[in-house]
Structures are given as structure tokens and as C-alpha cells.
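Protein chains in written order, with my numbering: chain X, 3 to 154; chain R, 3 to 154; chain E, 3 to 154; chain B, 3 to 154.
Note that these hints are calculated values from the structure, not bench results. Certain hints may be false.
Copies of the same chain are indistinguishable here, so a pair counts whether it falls within one copy or spans any two.
Lysine-lysine pairs mimicking DSS-like chemistry, simulated, CA-CA at most 27 angstroms apart [claimed, not checked]:
(1) K105 with K25
(2) K133 with K123
(3) K105 with K138
(4) K25 with K138
(5) K21 with K123
(6) K105 with K127
(7) K127 with K46
(8) K46 with K105
(9) K127 with K151
(10) K133 with K25
(11) K46 with K64
(12) K133 with K64
(13) K105 with K64
(14) K150 with K133
Being a predicted model, the structure only gives us computed values, none of them experimental.
Okay, here's what each chain looks like letter by letter:
Protein chains: 4
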Amino acid sequence: MLTQRYFAAVSKTNSTMYKHEYKVIVRYAETDQMGFVYYGNYAKFYEIGRVELIRSLGLSYKEFEDRLNIFLPVVQLESRYLLPARYDDELRIETILDELPEKMISFRHLIYNPQNFLINKGVVKLLFIDKITGRKVSAPQEMTDVLKKHFE
Amino acid sequence: MLTQRYFAAVSKTNSTMYKHEYKVIVRYAETDQMGFVYYGNYAKFYEIGRVELIRSLGLSYKEFEDRLNIFLPVVQLESRYLLPARYDDELRIETILDELPEKMISFRHLIYNPQNFLINKGVVKLLFIDKITGRKVSAPQEMTDVLKKHFE
Amino acid sequence: MLTQRYFAAVSKTNSTMYKHEYKVIVRYAETDQMGFVYYGNYAKFYEIGRVELIRSLGLSYKEFEDRLNIFLPVVQLESRYLLPARYDDELRIETILDELPEKMISFRHLIYNPQNFLINKGVVKLLFIDKITGRKVSAPQEMTDVLKKHFE
Amino acid sequence: MLTQRYFAAVSKTNSTMYKHEYKVIVRYAETDQMGFVYYGNYAKFYEIGRVELIRSLGLSYKEFEDRLNIFLPVVQLESRYLLPARYDDELRIETILDELPEKMISFRHLIYNPQNFLINKGVVKLLFIDKITGRKVSAPQEMTDVLKKHFE
């Protein structure tokens, strides 16, 4: 028997943005004694959202680090908590690139609960840093090349 | 486009045990500065393994809590770290029930990396506690009923 | 031998705000493979900052929940990551109340590394919710009473 | 006002072991919806215990990595959960070295709640690995030198 619990669905796209969806299940480890997901754990949901968006483009965050020697530290995080997420909820993480990355990349996240209510909105901004020099660089060419067609 | 990243595969069974497999991807949040998964994060992998095994039986850990008023605190954990798990690795968690649960339930876990090497072995033992009385109880009937056919 | 590793220091106050300082040591569990504190872990530093500020007032967050039946879910989080925090760094968390809480409470955090550089700025906003009714309430009287003298 | 919340107390020693105590406060982030500390979070308490034991010897785990190019991956973890730890509990972590480390180092942990009940027992075993070669090495001389006097 093969049950499918986690899956990435429906990478939609239009001329002004790139959007990707991914689902996660809330684990006991992520709840707190209020019975909800601890507010600090959404940062990991955003991480999952952005990494899987990158994978949906045929790219790999891991390769940015290993092959291109670029890593992407977070410089800004904003989060609005609208409704609680509960244990065992399957959450749908919608991750959106509204702009082509240049010096910075900005991911927008909308998280929905199983009843399809929007429970959380987040924005995460990251820089591109050269691992060797430690200096800021622009978004890797291969990323912008792949993304361009979604923004034309 | 629908890419499948997380999925539970192949719940094998024989006359002496019940086995279930589930895959997770290692996230940045789970690594430490050694570049490996932090040793404390395997507990969450075990949690995922046992919850998904229960789900594969058509049962729900959440329902144990909500409907049966039983919760399952961990009383014992043992873990052997054989090889490191790295960022973005898709790990295969094999979770095994070797015995029908009675006063206690014991899950055995084998975790494999993408190269199919066994990287971690774990055993987690949990009690069944009545939420109202706070006292130990036996495994819920509906759990043992479903499991019995796999142990005959 | 008694070595002091964690301590809350110097609750300063003036007529327009209330400020409290607390120190934490960065643990391996909190680093990621970049060698820095994972961006999601600052939420816990903010939690420590605000809980210890409340304690410095002679109050107790735990008592809000247990005795007053009020809990404080986070509704907004903003974070700027200016410099990385590294393993074993002793971080100084400065937590500031700029306004008397009414319907909401807003904590401002400034985190400094051992070289006294500001490495992170955060703002966390929380509501007061009655545990029984699930409805928004105002800041508990005993909190505002204690705080008022710092804002006059 | 300076309130002391975290402190390392009383590094006792006798001719057959080395013992060190350290206190931590349970944070909301560490609880789960059972209202107790999530079982996976004890690994971090053990980490804190062993790092602070090393510090109490005048040594530094960080220096092992940075200066001696040795890191200490965990190879084995055993944990018994006797009683729950609750939010805001100040836990006393007793960390014990029963033997001089050679190829491996084994830390034993006893965790007590504020009512002084033993709530958790753990054993963590770690190897010494040369960062450059990736090979097992023996405990660093400066560690065994400092420890020897406690074991004579």
C-alpha cells in the first residue's frame, strides 16, 4: 500500500510571478503547549517552501552551495499569524516570487490549513553571498535564466 | 506539474512483524555546523515514522488523543548514529513493530540515506496513558484488532 | 566552584520605556551548516527575552496562563538579520517595551554578539486571549499596574 | 536589578568520576501539546550539560573544533523519561564522566525538576574525529591531562 502524504503540487505561473505549492504535515515536535504550532517553526515551513520552489524550477539550493559556492543567508523575515495550525494538519504552503531576483531574492508565503483558510503570511528576503570571498553577489545566472521566461 | 517529494512507500508485512516506510528530506533547519543532521533531530524522524506507520494501518494518532483520550508519552529512546545525514538528503525511514503492543508499544527504526546505506538505528518505547485519569492503560482495542492480522 | 554562564542583567528603565537584558549562549543545536544560528531560532531568543522581561517585573508568564487563564499568541513577527551569530557566542538580548500594553503587547528586541555588535533586531506582537472563551481581552491589570510606574 | 536565572553550580569531584551541574529553564518552544517537554529536546539539554562540563574544566568544546581540528560526533544516545518536564521549570542537569575518555567519551546525565525529582536519565557517547582526515583519534591530550587529576 502506498499512501501519499507529502507532495508538491501545481507550480502555477503567469507573466508577472512564479508560484509553487507544497504540503507539509504538522508534527508533534512542532506544537507547543497551547496546542498550536510554535510561532518560530513557521521559518522552517518558509524554508521548505522556497527550497521546493527552487527545485520546481529544475534547480537545487544545495547545488548553489556545492557547485556555485554561493549561499543565501536570510536578511529579513516578516510573519503574520492569522489562525493557529494544529497537530496533524496538512498545511499547504504557497510560495511566490513576485520579482526576478537581482541583489536579493524575496519569497512571499501563504499558508493554508486543511479547511483552506489562510492561516499565515510571510515574507523572507535573502542575499547571495560568495562562500569564498564572503561578499555579496547577484543572483546566479542559471537561476535568472530559468526564471526569466516566467516573468516575460 | 506535480512532483512528488515526500511519500510513504511499501508497507510490507509478514507473520511476525509490521513494517512501514516513509521518506523525508533533510532541511537546513535540521543541520548543524558540522554539516550534518543534529543528533537530537532524529527523534522527530522517529516520530514521523511511527505516526505514519499508524496512519498506514488506517488509524490516527490524533484520534487516539481526541476521541479515545489516550496519549502516548515516550518512556525510552535509544539511538545509534552510524553515518551522517546531510542537507537535502532524502532519507528513507523504515519503522517496524516487532510485537503486538500491550502495556507498551515499541517502534524500531532504520534510516537509510539516498545511497541506501543504513545511517541510523533507533528504538522508541511509549506508554498508553488515559488523559482523564493520568493512568497507564493497555493499547487501544482498535489498534490491536487491526494489527493482529499482521501477527498471526 | 560556581561559574555563572547565563544571567539576566541590568533592567534599566526610564520614563518612556521599560528595558531588560538577558544573556544566552548559542548551542550546537541552534547552528546550521552555514556555521551560523539558523534564522528560525531567533524566535526562541525573542521568547526568552520577553519571558525574562516579564519575570523582571515580578510577574510570571506561566501564571498568566495558569492563574489568570490568559495566553498570549504571537500575531506578528519581524526580524532583521544584520550579522551572523556563531556557536558558543554569548548573546545579549535587549528587550524593550516602548508602550504600555492594551489590546496588544509589542516587544522590541536588540541582540548583540560578544564583540558588542548589534546582530539582530526583532519585533514581536502578541494578543491577550482568554483561555476559556477564546476571545481577545486587554492586558491583565496586574501587568499594567506594575508597568505604569515605568511609563510615568 | 540583577536576577540570576541560569547558572552552573557545584562541580563536584571524587576519585572515580567528574561531575558538573548546570541549570536551564524550560521554554515554550520546547513544550509540545501534551504540555510537556518534547522528548527530542532532551538531546539539547544533554549537549548543554556536556559542553558546560567541558567548560568547567577550563577547556572549550569550540576550541577543540577551531584550534585542535577535532570534532565530536555523537554515536550513541540512550534516554529514559521518568517524569515530564513542564513549561518554565528550572531543570538541574547533572553531567557525569565515569571514566577517562580514550577512543570515545561517554557522558551520563541526570535531570531533576524543581521539586528535585529525577525526571530523566541519559547517556551520550561521542567519538573524536580529526576534521582534516576524517579519521578517529584519541581524546585530546589537554583534556585527559586536566581530567586525570580527578580520576586518581
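**Message:** Output the indices of the hints that this structure fails to meet, ascending.
**Reply:** Checked against the structure, the hints that fail are numbers 1, 4 and 10, while the rest are satisfied.
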